[in-house]
Amino acid sequence: MNAHVRIGDNRIFSLKQAVLLYQEGSRAFATLHEVKCRPDEAPYLCAGQSVTTGFLETLATGLGASMAAEVLPDHVLARTPELIAWWSRAQRRLMFFSDGNADARKLNGKMYPHPALVFMIHGRELSVRALAENRRPAAATPLKNAPYWNTDADGRVCLGSMRVPEEVSVGSLSGWEEAYFASEFTHPSGAVRLTSHPLGFLGFWSSLEGRRHSFPVNFLADSKQTLQEFVERRGEG
Amino acid sequence: MSGTTAVFGAAGEGHRALLELAPRPGTPAPRTVVTADNLMAPHCEAVLPTLRRIPVEQRFLADDREVIALAEILVKSGIAVPEDWAKSGKDATKFLLLTVQRWIGVHGGAAIDRRFDLDLALADRLVDYSDERGPHDTLYLIVDPEGAAFVLLNPVLESLTKIHPGLPATFFGHFVGALNRWVRVYDYRDAEERVDMLREWYEGEENPEQYEVPDIQGCTPRCLKESSLSLRSLRDLVQKIRSREVKVLVRGLLDLRAIARRAKRPEFTEDMGDQLTDSNPPLPCLLAAFSQGDAVVGCFDDEAQSAMETTPQPNLIIPLKVSDPSSVCQGFRTLGVACETLAAASRLIDLMPGNDDGVITREEQS
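Top line first, the protein sequences correspond to chains A and B. In this text, residue positions in the first sequence follow my numbering: the first is 1, and each later residue adds one. In this text, residue positions in the second sequence follow my numbering: the first is 238, and each later residue adds one.
The following block holds chain A by itself, in its conformation from the complex (with noise of 0.2 Å):
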């Protein structure tokens, strides 16, 4: 009888079977081969079967490169087994900020108007850029930086104690989009150009402090990227 103990996170893995590959110049095969122990003798490897694309496969499956099949609605402009984009169109919405800072304190819980955004999940990292135009951005499209606290350079989103949802899928999109918008921006995340609003970040925010019409996308600092460029420099990791 084959024993595991599955408690928690602990896990004892075992070796099973190794690929072995085989290379004579740009041509190659795998053989697939099982790993036999005996007590007190180094273990060894059986006669090897070679790989099919059937293995490969169920290899893939189990380190997770699989997804469930999803229809994808227009929004999303992206979609790998780890990744998935999508962009939101320019609104009004509420802003959070920590009481930390006074001048931010006066900002808290007040509606701003919003550019339209591209957000990206890779793993459970979130990322959020922001669009000069409020439409459905292509492939060539620039991206601006995020005019957000806790969003980086790469516009990494430092998730702290933000209530994003388990599960990262088509439908649950708008669940990453409030938790990040329903969570306090507390601080800059390293150097990072936010606005080239002349009164800087706080200033640019305290303007639009309930201000009607649109968000002025000439004050949104540039990215230098692209959208394809942001999605496959994420894709890469």
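Since the hints were made in silico from the structure, they are not lab data. Incorrect hints may appear among the rest.
[To be verified] To give an idea of the interface, some chain B residues facing chain A are shown, with a C-beta separation under 10 Å as derived from the structure:
(1) Phe297
(2) Val304
(3) Leu307
(4) Leu357
[What the hints assert, rightly or not] Reference listing, derived: stretches of chain B covered by chain A, where coverage requires no fewer than 3 residues with Cβ under 8 Å from a Cβ of chain A:
(5) 288-294
(6) 322-336
(7) 341-355
On a predicted model such as this, the values are computed, not experimentally measured, just so you know. Ideal Cβ placement from N, Cα and C applies to all residues, glycine included.
Chain A is fixed; fit chain B onto it per the hints.
Positioned in the frame of chain A, the structure of chain B alone reads:
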């Protein structure tokens, strides 16, 4: 050099991490004499690397508190052996694994492995990939098959008929009944249920007479329709049986029955049900067929196609309350009885004629 070439370069090119090649046997010869070994090109052969310095185990450790609490109870109660602590590399999870393996071993592990292909998990949840664990403080011993064992019944039933007309039905009832106390056995009654269900499905269709279903009744021996003997009659009968083979068989059956009843199967609780909502029935640990490839096997194969569509219920779930040492001891005792039942069944199948093929060969542990 490309990255790929650097990784798979030939041995001896530098200090790269390469697998050690198995030593090639050479011909010992004096240095001054040119040997055939040096004149001839080396013959073509595949040389597999040995894994002498390759770790065969990797451990991922997080929170050990529950594991340590359980290990402590098992040591104090004498279920775990302190010597295994050194063997485990002072790792509590590995220590528990060794303890479970040892416990299975002393409760008939070798006999079980001869016929059954089973997994035993000590886990904090019933569904491995679930995010939700069981209630706080509760762990489970879970038994499930890796594949179904196989037993062929016709030869043994035929030999028993010659002794007493009621003996085949009695044998079948006790054999399957004892095992079913602990794990699921798939027999002709499961196949009949399957056939009934298939009939219901196609009765609403056009031309239902065109559908064919496995003929379970046709393959079921008539002797199973006879009345079973009472336990007392069976014990009396065994004294009178002259055939040594049949006598051993019936004694094995009585042993199996008695062992299976040494403990009570734990109840299926509400929290188990919560973790196993929308699950399929347990996967059978044993397929009891009358002959090779009969209608029972056909139904089993048919059901197997969809058995894993949703998570199957475990065959046996034994809860352990880590805050209650007596619950842990009771749980391990119960596991011991389940293992001994399986071991007794395995030994009994060894005695049943026509079952030489169902032995699982395990040369080495893979």
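Status of each hint after checking the structure:
1. Phe297: For phenylalanine 297 (chain B), the interface hint holds, since the closest Cβ of chain A sits about 5 Å away, which is under 10 Å.
2. Val304: Status holds, d = 5 Å.
3. Leu307: Holds, because the Cβ-Cβ distance from leucine 307 (chain B) to chain A comes to roughly 8 Å (cut-off 10 Å).
4. Leu357: Since chain A brings a Cβ to about 5 Å from leucine 357 (chain B), closer than 10 Å, the hint holds.
5. 288-294: This one holds; 6 residues, not fewer than the three required, reach chain A with a Cβ under 8 Å.
6. 322-336: holds (count 4)
7. 341-355: Coverage by chain A holds for the segment 341-355 of chain B (6 residues, Cβ < 8 Å).
In terms of the numbered hints stated before, the structure departs from none.
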